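Protein chains in written order, with our numbering: chain A, 3 to 209; chain B, 861 to 964; chain C, 9 to 693.
I should point out that these hints are in silico values taken from the structure, not numbers from a laboratory.
In silico lysine-lysine, DSS-like type, Cα no more than 27 Å apart, as pairs:
no., chain 1, residue 1, chain 2, residue 2
1, C, K230, B, K929
2, C, K470, C, K324
3, C, K231, B, K929
Since the structure is predicted, the reported quantities are computational estimates derived from the model, not experimental observations.
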Amino acid sequence: MSARRHPGLSVAPGDAHTESEAEPVIFGFWVFLMSDVVLFALLFATYAAMRAQGIAGGPTPRAITDLAGAAIETALLLTSSFTFGMASLALKYRDDTRRLARWLAITGLLGIAFLGMEARDFATLIGHGAVPQRSGFLSAHFTLLGTHGLHVAAGLVWMAVMFARIAIAGVDDRVRLAIMRLALFWHMLDIVWVGIFTFVFLYGATG
Amino acid sequence: MIPEDDARRRELRAYAIGFAMAAALTGVAFAIVAGRMMGTGATLLSLGGLALVQVAVHFRYFLHIDLEKSHRDDLQLVLFTALIVAVMVGGSLWILWDQHARMM
Amino acid sequence: MSDAALYGLVGNLRLSDFPPKHDLIANCAAWVVIFGVVATLSAITVMGWWRALWTQWLTALDHKKIGIMYIVVAFVMQVRAIVEAALMRAQQAAAVNAPGVVSPAHFAELFTTHGTIMIFFMAMPFLTGVINYVMPLQIGARDVAFPWLNAIGLWLTTAGAMLVMASLVIGQFSGGGWSGYPPFTQTGFSPGEGVDYWIWSVGLASLGSTLSGINIAVTIYKKRAPGMDLFCMPLFCWTALCTSILMIFAMPALTVATSLLALDRYAGFHFFTNDLGGNVMNYANLFWLFGHPEVYILILPAFGVYSEVFANFSGKRLYGYNSLVYATMAIAVLSFTVWLHHFFTMGQSADVNAAFGIATMLIAIPTGVKVYDWLLTLLFGRIRFSTAMLFGIAFMVSFVIGGMTGVMLANPPIDFAVHNSLFLVAHFHNMLIPGLLFGMIAAYQMWFPKAFGFRLCERWGKVAFWCWGIGFYLAFMPLYWLGLSGAMRRSAQFFEPQFLPWLIVALMGAVLMVCGTGALGVQLIVSIRSREARRVAIGDPWDGHGLEWATPSPPPEYNFAVIPNVSGRDAFTMMKRAGTAYALPACEDIIVPRSSALPMLIGAAAGVAAFGLVWHIWWQAVAGVVTVWALVIARSFDADTQRTIPAAEVERDTTAWLAGVAAATPAPRSREMTPANAGLAEHQA
Chain A
3 MSARRHPGLS VAPGDAHTES EAEPVIFGFW VFLMSDVVLF ALLFATYAAM
53 RAQGIAGGPT PRAITDLAGA AIETALLLTS SFTFGMASLA LKYRDDTRRL
103 ARWLAITGLL GIAFLGMEAR DFATLIGHGA VPQRSGFLSA HFTLLGTHGL
153 HVAAGLVWMA VMFARIAIAG VDDRVRLAIM RLALFWHMLD IVWVGIFTFV
203 FLYGATG
Chain B
861 MIPEDDARRR ELRAYAIGFA MAAALTGVAF AIVAGRMMGT GATLLSLGGL
911 ALVQVAVHFR YFLHIDLEKS HRDDLQLVLF TALIVAVMVG GSLWILWDQH
961 ARMM
Chain C
9 MSDAALYGLV GNLRLSDFPP KHDLIANCAA WVVIFGVVAT LSAITVMGWW
59 RALWTQWLTA LDHKKIGIMY IVVAFVMQVR AIVEAALMRA QQAAAVNAPG
109 VVSPAHFAEL FTTHGTIMIF FMAMPFLTGV INYVMPLQIG ARDVAFPWLN
159 AIGLWLTTAG AMLVMASLVI GQFSGGGWSG YPPFTQTGFS PGEGVDYWIW
209 SVGLASLGST LSGINIAVTI YKKRAPGMDL FCMPLFCWTA LCTSILMIFA
259 MPALTVATSL LALDRYAGFH FFTNDLGGNV MNYANLFWLF GHPEVYILIL
309 PAFGVYSEVF ANFSGKRLYG YNSLVYATMA IAVLSFTVWL HHFFTMGQSA
359 DVNAAFGIAT MLIAIPTGVK VYDWLLTLLF GRIRFSTAML FGIAFMVSFV
409 IGGMTGVMLA NPPIDFAVHN SLFLVAHFHN MLIPGLLFGM IAAYQMWFPK
459 AFGFRLCERW GKVAFWCWGI GFYLAFMPLY WLGLSGAMRR SAQFFEPQFL
509 PWLIVALMGA VLMVCGTGAL GVQLIVSIRS REARRVAIGD PWDGHGLEWA
559 TPSPPPEYNF AVIPNVSGRD AFTMMKRAGT AYALPACEDI IVPRSSALPM
609 LIGAAAGVAA FGLVWHIWWQ AVAGVVTVWA LVIARSFDAD TQRTIPAAEV
659 ERDTTAWLAG VAAATPAPRS REMTPANAGL AEHQA
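This is chain A alone, in the form it adopts within the complex (with noise of 0.2 Å):
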């Protein structure tokens, strides 16, 4: 029963005390993810707003859109988010370290491309003179997608520490509980990217 209470993500099943432990601090992250999507939220009605009424005479967001990069970080973000699932799956059934590490090792190689992607388009952008001090519109596109970026960069920053947790203890209950809250955090990053695409990349395509 209690191995069901965060399916795909929970500490050693059929524990009651530290699944006692862990309820809050799961909960916890995710009002705090929360939060952080509220946050989000702003940036996106910032950049809709200034999409439409910050061009001031610089390039339109159908000028800058470049719709093959972005659904080549799509993809790599998006199998990223399964081979997290693949690894918390590694960590709930299989006590098998290597097999979690490989997972996750491969979710940050993927997420590692995506800001590699990123930054070439950023660079791009700029090689252009589409730098954000060109117009509010520039500022707010280049914000959002930093702001996540940031995420991403973060996200694989813990991953690091993960691995030297892990090195150094093994996968003990504090670990679990870590790359629980990771986990979501990595799912949460890749929704904020849906917005992304589709409010950025594909109706900046559109018009």
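Assemble the complex: chain A is given as a structure, and chains B and C must be docked to it using the hints.
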């Protein structure tokens, strides 16, 4: 440990379904835009709809939010957040567009 | 040294940013801060308190100590902000067709720091402190859900407060008001460090509040004692819950508004600029998306306090508990739908204004429900006019007046007439002084004996009450009239001689309120000196209803020897009725969090980073931020975070306390303010 293995397989399937659905929804969205399948208004509307569905898919299959009783706290939290986000974003857009229109 | 090297080393900071300052008053303020810091540090050294301070307080993770430290921050900051208030009133009274006592630039700084401090560094720490202290005890928990996070919240807020204090000595604070509207706060009009001080101090405070909000909400959701259903909680816990939810969802709006403003200022972005697609109105929109829920963050906990005070000091159950809960929830949700009424005059169409005006008026309904519930709680009660009760009664009368002016302002046409006038200033002070400050003072009077084991002096409490009560009316009723007569807020000078008498009356009021603050200080000193006659160590001096009174005063670190089983509302009253209030439980080992220096260091590093950002000392900013994250990561490697208190120790302390209970004579309510009250109340059936 047969039952545990069953549970694992069930969850693995859930992740796979979620991934497939998310990939399909994303694919359709990109295809609509790349193939210029509809007019601008219809495109924007269906893109918004697809995004909404995909967010629900992610919550259901990756973040495990569902209607089960044990997840009620999380579900209520997510729904309340959705309400607040709707009020904040909807209100902001209404206000900013109205002000903008009156400056034209 | 070359200019570039100097900039790299100390940013924009120069010797000329240190005192002496441009005018005498600013100079005095700077030296008072310097002298205060030096005096405090020397006193601690001379008394040899450093070790105790460090081990017992600065590294503490106990929610009770964190609560007390929050309230200490609030009191210290309140002293500064109220002196600034009196100075502003003095300036306006002296500046009718005259230059007055301070320069316009200094006046702008005064109203900015006064507002910023009162909201972020007086009100927020005060209510967070009271919630921290009282709520876990009331729900029968040993601690909050995240003690470590709790301490980080405290130290981030403290770092923000210290940044504001630093601005008194080093450089200038912002002159852009507590709401920091661009374009005035853009580099074009405010090139110096002032606005940056404002951005980062508020930024630290809002981060701290977000963390506190998460902590409070999760504690209430997950840490209640067995049997303590949500609808068995004392009303104060409900208001704490709603406040925390508002913090969680409203603080991000402030973070976004200030961060985007920082991007404009530091990196030349165009979110709120006048040119290149910037939209100033979006700043107002974002700021008040936070700002209006913030009003209810401030007021709801006071509503909870009053509910406890009225029920307790009239010897009755709270009337209309359910309606009070639903009213609280309604206010919390509605508070997210009214933010536009802060900028009715910004130019949107009438239908937008009408929608938000109606939503605003709706809030008066649940608030009215509350006032009736409180009145009916008092009705037929045996009211004891303790200091807390007096503040409560003053609140009810004053708050209704303030509420009615609020309904007036909710009409866009009326708002157009009095917008940005002293009428508005009178209105929101009329809400916040009775609706927040009086509530926090009442909470302090009521729960002080719980926290320290002795009662506060009632005589000086009543002196403070009359100073505050009369001072408030003298200071703010004239402002309504002045506002209607056309006196605009934030004016450093007036040119209408007819304003003068009213401004002088308002100054008198402000002086009285400064005296009220002083009286609270005297009350504390007098009470400490005569504490032996005021001991209430048994812990239930007021015949309380909630579980917080079921513990010794001060409560042990673990709060409850054994977590109580709750079977209904007013849990402690039920235990007293059943005769189970003072039974020896079967004690077990108790696990408590081990104290940690990291939260304080994180706060310090964040403060250092913020100071670096203010003065463009980039290496310092980077070092600070890196240190913060290094400390957070260091914590994740620390496996030894808990400490066990052995059952024998718990049993020894509990037995000693119960022996005290057996030896004490229950004090009747008529003698609760006398030495006869040893903390064991005679229970009125």
